[in-house]
Amino acid sequence: MTLYILRRLLQSIGVIFVVTALVFVGIYVIGNPVDILVSTEADQDQFERMVKILGLDKPLWEQFLIYLSKLVQGDLGRSFAFSEPALKLVLQRMPATIELVTVAMLMALIVGIPLGMYAGLHPERTASKTIMGASIVGVSIPNFWQGIMLIFVLAVSLAWLPSGGRGEIKTVMGITTSLWTADGWSHIITPAINLALAQCTLIIRLIRANVREIALLDYVKFARAKGLRRKRIVYVHIFKNTLVILITVVGLQFGNLIAYSVVTETIFSWPGMGKLIIDSVYILDRPVILAYLVIVVLLFITINLIVDLLYSVIDPRIRLDSDKHSS
Amino acid sequence: MTDSQVLSVRNLDTRFQTQAGEVRAVDDVSFDLQKGEILGLVGESGSGKSVTGFSIMGLIDEPGKIHGGQIQFKGEDLINAGDKRYKRLRGREIAMIFQDPMMTLNPLLRIDTQMIEAILAHEAVSRESARQRARDALGMVGISSPDERLRAYPHQFSGGMRQRVVIAISMLHAPDIIIADEPTTALDVTIQAQILYEMQKLRQKHSVSIIWITHDLSVISALADRICVMYAGTLVEQGPIDDVLDRPTHPYTKGLIQSVPNRNSTGQRLAQIPGVMPTMINPDPGCRFMERCVYAKQKCADEPALVQATDDRQIRCHYPLVN
Chain S
3 MTLYILRRLL QSIGVIFVVT ALVFVGIYVI GNPVDILVST EADQDQFERM
53 VKILGLDKPL WEQFLIYLSK LVQGDLGRSF AFSEPALKLV LQRMPATIEL
103 VTVAMLMALI VGIPLGMYAG LHPERTASKT IMGASIVGVS IPNFWQGIML
153 IFVLAVSLAW LPSGGRGEIK TVMGITTSLW TADGWSHIIT PAINLALAQC
203 TLIIRLIRAN VREIALLDYV KFARAKGLRR KRIVYVHIFK NTLVILITVV
253 GLQFGNLIAY SVVTETIFSW PGMGKLIIDS VYILDRPVIL AYLVIVVLLF
303 ITINLIVDLL YSVIDPRIRL DSDKHSS
Chain H
1002 MTDSQVLSVR NLDTRFQTQA GEVRAVDDVS FDLQKGEILG LVGESGSGKS
1052 VTGFSIMGLI DEPGKIHGGQ IQFKGEDLIN AGDKRYKRLR GREIAMIFQD
1102 PMMTLNPLLR IDTQMIEAIL AHEAVSRESA RQRARDALGM VGISSPDERL
1152 RAYPHQFSGG MRQRVVIAIS MLHAPDIIIA DEPTTALDVT IQAQILYEMQ
1202 KLRQKHSVSI IWITHDLSVI SALADRICVM YAGTLVEQGP IDDVLDRPTH
1252 PYTKGLIQSV PNRNSTGQRL AQIPGVMPTM INPDPGCRFM ERCVYAKQKC
1302 ADEPALVQAT DDRQIRCHYP LVN
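So the sequence lines, in the order shown, correspond to chains S and H. The numbering of the first sequence is the working numbering, which starts it at 3 and goes up by one. The numbering of the second sequence is the working numbering, which starts it at 1002 and goes up by one.
Hints listed in this document are in silico derivations from the structure and should not be mistaken for laboratory results. It should be emphasised that the depicted structure is a prediction, and the values quoted were computed from it without experimental measurement. Beta carbons: idealized from backbone N, C-alpha and C, even for Gly.
Incomplete in silico selection of chain S near chain H, CB under 7 Å:
no., residue
1, D220
2, Y221
3, F224
4, R226
5, A227
6, K228
7, G229
8, L230
9, H239
10, K242
11, D317
12, P318
13, R319
Derived, one-sided and incomplete: chain H residues facing chain S with beta-carbon distance under 10 Å:
no., residue
14, I1095
15, N1107
16, P1108
17, P1155
Turn these sequences into a full structure, and let the hints steer you where they fit.
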């Protein structure tokens, strides 16, 4: 098990290297950040001084090598725009994003699992067909339009909820969170719904298809032939088997949500990593973009690792490595 | 109905509504089952054997429905028995074993979980005594070190061992009837022989009655007391096993027996019944086997009834073969 985790962490270093190299070249090609950073009145002298300070006068490969050698020491450089450590900027924003993504995922699961189970167990009922019809609508509406409509309805027309920002924040056990105050909750609900909708429809469809498939299997028939109560058949024999596929998708989608949150955070001016990365791309703030990517890569790898570990917990047939466990 | 008779099926009629039309999966099937008797239910795939079994268990799901007939279990009518009655019946008085032991046990649950839940479904006993019983049941079907095996998952067992576990589960409540739906089809021959041996032991020890559904005549000839031959949803012939196999009177039964590969015929074509089974969607009136029958005459266009040929044999044919 330890060996397996170590191997995965080593792989992640390779991924970080490749991602960093690609982004480094990509940003270099887009343009010179000094053009944006230096005020329009600056003369050639000031301009060149700035280029030197930021180390942009050196050839690309040299810049990259310097960056890498610092990265190994845990130094991800300073933001061009804020002259603060890039890592600190990203980490400051990370709790807001994680919080938003987690709330959205929980919403999607809480709504999606029961609806999907119902539709899967009773595919012929009108309610199931309504659920499936509604889920198509949910998938089809573009994310950004959905966000704008949510603001229009909930914040503008009805004026029930605020249209943006994070609300009152408290620090609980070293983590800043808006989940500790009512004001914070009122701010997170709308963006979380925006993120959750697409996930929710995905989960409904996934669970429904999976439940329908499992309900026809022999072991479910055998469970019925044993005279088990329907509740036990549904929750133990069917639901437990859908968990295998559910965990895979939730793991993958958690990563996707972090990516989608770039749009949602921009619409709702939610001060998370997504908004930071968009702002940083505008001003070509290379260290911040790279720091964001390193963090996101690490997040993805962690999530995937957790998913793999959960698999082996749920499905006894899956073994992570060749460790000899006596049964 | 005599005392020794545990099950009596009369004119069972089970249909499935599909988009293509109504499928007459089981049409006019009647048979009796005595205490301690093994009844072989034989026919090719799709002949309605399994649906007959599921009908008795009350496990016919939408879009299927039992349209008519009677199922009497120890004198009690099961067709109109409610859900509640059936829940108590299934697994306790009538148990079922399925074809593929690889699929019958839930892969994510340990053997003890699956056995104990079966006990607790019908009896309010402590988990500990349920576990005890599960262990004894495993021992009974010849699984060594049952304590250790209880904590294992299904994938840690071989196919034959799994089928033993399934048989152990079916015997937990000492049921009156076990419906075994092709329980040895997925197993290799040596394991098959062991399972047959276990079943015969159970029959002798607990005088459980068994409905053995299969398409394998050689298995049934070694095991069953009586045989019911099904074709396209109908019962075409029934009687004592040796009698029927030695002197089949229905052309289909005769064809089936001739289709069993014979070791003397090396290099020869294997015998087979020409044609395929007709669709059971809105079937034509008349004998269902007519199209494939070499003896068919004009009268076969009228549906033959199941008639008592001798004391213990029934046949559905206008022109029974004379042996």
